[in-house]
Amino acid sequence: MNMSEPKEHPVAKAVRETAGVVLAECYQCGKCTAGCPMARYMDLSPNQVMRLAQAGDAAALERLLGSEALWYCAGCLTCAQRCPRQLDPAAVMDVLREMAHRQGKIPAAARKILAFHKAFLATVEWGGRMAEIPLVMRYKMNSLDLFSDALLGPAMLAKRKLPLLPHRIRGRGEVRRIFEKCRKGTRP
Amino acid sequence: MARIGVFICHCGENIGRTVDCPAVAAAAARMPGVVHSVDYKYMCSDPGQQMIKKAIVEKKLTGVVVGACSPRMHERTFRAAAAEAGLNPFLLEMANLREHCSWVHSDQAAATQKAIDLVRVMVAKARRDRALRPIRVPVEPTALVVGGGIAGIQAALDIAAGGKKVVLVERGPSIGGHMARLSETFPTLDCSQCILTPRMVEAASHPNITLMTYSEVESVEGFVGNFTVTVRRKARYVDPAKCTGCGDCFNKCPLKKIPNEFDAGLGMRRAIYVPFPQAVPNKPVIDAAHCTMLQKGKCGLCAKVCPRGAIDYKDQDRLEKIKVGAVVLATGFQLWDHAAYGEYGGGRYQDVIDGFAFERLASASGPTGGRIKRPSDGVEPKTVVFLSCCGSRDDKAGKKYCSKICCMYTAKHAMLYRHKVHDGRAVVFYMDVRAAGKGYEEFVRRAIEADGAEYVRGRVSRITRRKDGTLVVRGADTLAGRPVTIEADLVVLADAVVPRSGSEKLAQLFGVGYDQDGFYSEAHPKLRPVETAAAGVFLAGACQAPKDIPESVSQASASAAKVLGLFAKPELEREPIIARVNRTTCAHCRACISACPYGATRDFDVLDRAGKVLRTVAEVNEGLCQGCGTCAAVCRSHSVDLDGFTGEQIHAELSALL
Amino acid sequence: MKTLGYYPGCSLSGGGIELDLSVRALAKTAGVDLREIEDWNCCGASAAHSLDHSLAVALPFRVLALAESQGLAEVLAPCAACFSRLKGTQVRLARNPELNRRMAELVERPYQGGVRILNINEFIAALLKDGLAEKLTRKLGLKAVAYYGCLLSRGEDIVTGDDAEDPQGMEAALRAAGCEVLSWNASNECCGGGFSMSKTGSVLDLSQAILDEARAAGADLVVTGCPMCHSNLDMRQLELVKRRRVPGALPILYLSELLGLAAGLEPGALGLDRHFIESRQLVRGGA
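For the record, the sequence lines run as chains A, B and C.
In the working numbering, each residue carries its 1-based index in the first sequence increased by 4.
In the working numbering, each residue carries its 1-based index in the second sequence increased by 163.
In the working numbering, each residue carries its 1-based index in the third sequence increased by 1.
Derived by calculation from the structure, the hints in this document are not laboratory data.
Note that the coordinates shown come from a computational prediction; the quantities given were computed from them, not determined experimentally.
Careful: at least some of the hints might be erroneous.
Stated by the list, open to error - Computed cross-link-like contacts, DSS-like style, restricted to lysine-lysine with a CA-CA straight-line distance of at most 27 angstroms: (1) Lys420(B) x Lys461(B); (2) Lys163(A) x Lys29(C); (3) Lys459(B) x Lys415(B); (4) Lys545(B) x Lys583(B); (5) Lys17(A) x Lys563(B); (6) Lys222(B) x Lys204(B); (7) Lys563(B) x Lys11(A); (8) Lys29(C) x Lys630(B).
Hey, can you work out the whole structure from these sequences and the hints?
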């Protein structure tokens, strides 16, 4: 029995189990923040996200799960590529974002982004593949962002870059079952 | 009749928690030959030792077994106690009940039984111990110091001051090391060469010091007190006896554009050159790889202009053997190559330089006369960004460790820049500021508060170079929680400190260990920082671990003290655990001579009274024998035995166990 | 005729159609038969891994399982995001047999790990080695910058055999096509990825920075391998031009389009007519 193992709080455990990242290893050098293309838009910088996740207490979690930063991560992997401790802040962002989503904590500025992801996945769940026109329609309705990019649609159509009829794969039932199981499944 | 005393130590909780010491003592009391058996909390303490001494006298013990920690810890302690009580120290044995028992087992019953077995084995051995006398070998009171930087120079001066002779071997053409390249030193901002060159001159002129520059250690034989070191004196092509250092030769050499290593490639030298004007010895060498005469047989200008005829193109490397009694390794460090960081330009940007290059820019005697200029276009930079921890504290692309000196020299660089360019901007990206030395914290605060260096906490992710030469530095301010971009004219990287190239090979020659990063291993990190596992070989300076000048000098003086301690007696006492040949039964098959890894066995002629050779047998050199027992193992006639570990004793130990 | 498994991914029938057209045309020229995975599903792209860690692995898992069951030992995924998701999933499965077991149960299909996923750069490098180089008869004489973006330069064990900070996976192909390859500062900078509609401002900022660097290097065009990057740099460039955030239009081509042009194929057949930023002039003006 090793009495000297450090106690791991729930966020650290979730991050380690889902993303394979040991938060204690982060020494807050800030190289992730320095290279992040989206950091200038974020309310919390990537190193602050790592720090608050390290702290893991209720107040830290409140700031974390309600932050816009989680939603602005582009998954570009610059942070993971350059981290001198070989950690993956983007993967940590994924875990925290999923937690925030399941707890219904979506900051106002992130609603469009969430709406886009959901619209995307809804079309995949329906036909097995992403379908542009249903995606855009759904996205526009849920985000209430009706007018931006309005001219792009006709332009895409004219260039034959917009499939009119979405493809439904034969195995769409399989795909739907996958979605259902995941919805019910493990939470990070 | 054997009268063995057994003393079982609890070692506090270390042994006592797992092994039932009273039970072991009780079991030992019943072993054959044992007349006294006790247990005690701390045998190595004063009362513990008194117990042993008292029992030796009162019970007239003929041998002692102490069941305690590893003999490596306290064999010497207990043997000294036995000697004080009048018992030959080699009649005392230790049973390792800690490292070999209580520390590696948790089952108390099994551990206790094992402890009893271990004690029984050592009792069986102790009964067959014979009194041995230490061997005395002469000590050659000359020291070898390898490396002519500040640590090597200091060690040489201290040993010389102690009245002993020193040979100082330096790989480069001049002594001085990296300290000669620095502009000013922290925290005093002393001019580095001003404080160093007097020492260099002293080392060169001290009657007890022999300087061998442009030389390297080629091979090593022998052992503490009696090393034979072969030094390769590399061909200088200039006779130092004739050369006056006038400089006519290098002023005339037509090859002017060889990047000078001393100047980190920022300045040029000739093919015949002195690395810097204050070099000691101030005699040039010819760089054979570049010299037209030595490569192609053309030119020869330097020989023509030399007024003393000191140039000798036919010079060759020479091997010189020296006898020394102790060695100090002071080979120092170099900087890690930041080409490994593709995100900082992969070493391709001329204006992204390392700390030594900045020192040469800042140095009054450097290639720019002390003016800070961009290497690419010679323009004075108006914004200089300094990156700490470049390659240090990096598990992925660099070294895991902290290089210790960079926080301080970066603060110094920022200050020097601000002193020279009053309207310039110095930005330092740091992770932590490590300023633990005397006056160091105050120095860093001065850089920030008095000299206007801007400190931003965060590592830099990327450096890119625009066509106009501007360097775009993308860092972070972790405390404010935002990315920070600076447009810089010059970037200085605090590259990690690594051991000098070739240091591993040198360590192998001397039998000194080194860690995964190539730093030399000290005998004990806390209590024996300048000794190594190789007796008679000591360490000084950054070859052991990154350190600054005061620490290097301290370590150098410490190793000099160790050397002088070694030289204090004309003879060295060696443990008498050596092999011995029975001349009567030796058949002279010479198997032991081939097998000995130390070359300690040799032929010996047995003579009659007239001096005629009766026969030849094998003989062991007491001075060289390390007591490994290989010869005893290969001897077919069982003529070789090891004092302190005889065949009979080993047999008895095994019988006691089985 | 060598056979290669083909995973177009969802965008190649829509916004990334030029990539599909040019890859197919190039494969035909090189004598490679592309066999599309039957009944393939979406890899999940950014949306799945952004919201659900199980879904993010399960969707690619089905694709891999299908490919394996259809006997496709090697599969080309031209879209950088699809490539990253598929190969990344493979890497995670290889490291964690328990994950494989869980996924096989979730997806109701087995996967033994026997499929090799290729990205567009690896595919084209292989074609060149196998004889395509001889077919590149039209030397384009253009100054090009190679834009790898995120997913063709980074990803531990995903993008292999290249330097993440100074990727070279496209350079040989560009040179083979008769282009002068310029070194520049944004070869692996992010374009904003999937934020084109949901955070358009960031895509405009990041794309502008990339185009500025390309221009500063003296490029005639930017060559890319990812449909998201192409869309962000091509479709969104119109807005940057309109708002005068960039001085002029810079054509954006897929590597496969460029190679197709070098092989003498017609721009229309490769999809160049569908770009937002006109690029057909590159061959009319080219050598």
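Right, here's what the structure says about each hint:
1. Lys420(B) x Lys461(B): holds (18 angstroms)
2. Lys163(A) x Lys29(C): Roughly 24 angstroms separates the two Cα atoms, so the pair holds.
3. Lys459(B) x Lys415(B): Since the Cα atoms of lysine 459(B) and lysine 415(B) sit roughly 18 angstroms apart, the hinted pair holds (cutoff 27 angstroms).
4. Lys545(B) x Lys583(B): Since the Cα atoms of lysine 545(B) and lysine 583(B) sit roughly 11 angstroms apart, the hinted pair holds (cutoff 27 angstroms).
5. Lys17(A) x Lys563(B): holds (25 angstroms)
6. Lys222(B) x Lys204(B): holds (21 angstroms)
7. Lys563(B) x Lys11(A): holds (25 angstroms)
8. Lys29(C) x Lys630(B): violated (41 angstroms)
Going through the hint list in order, the structure does not satisfy hint 8, though it satisfies all others.
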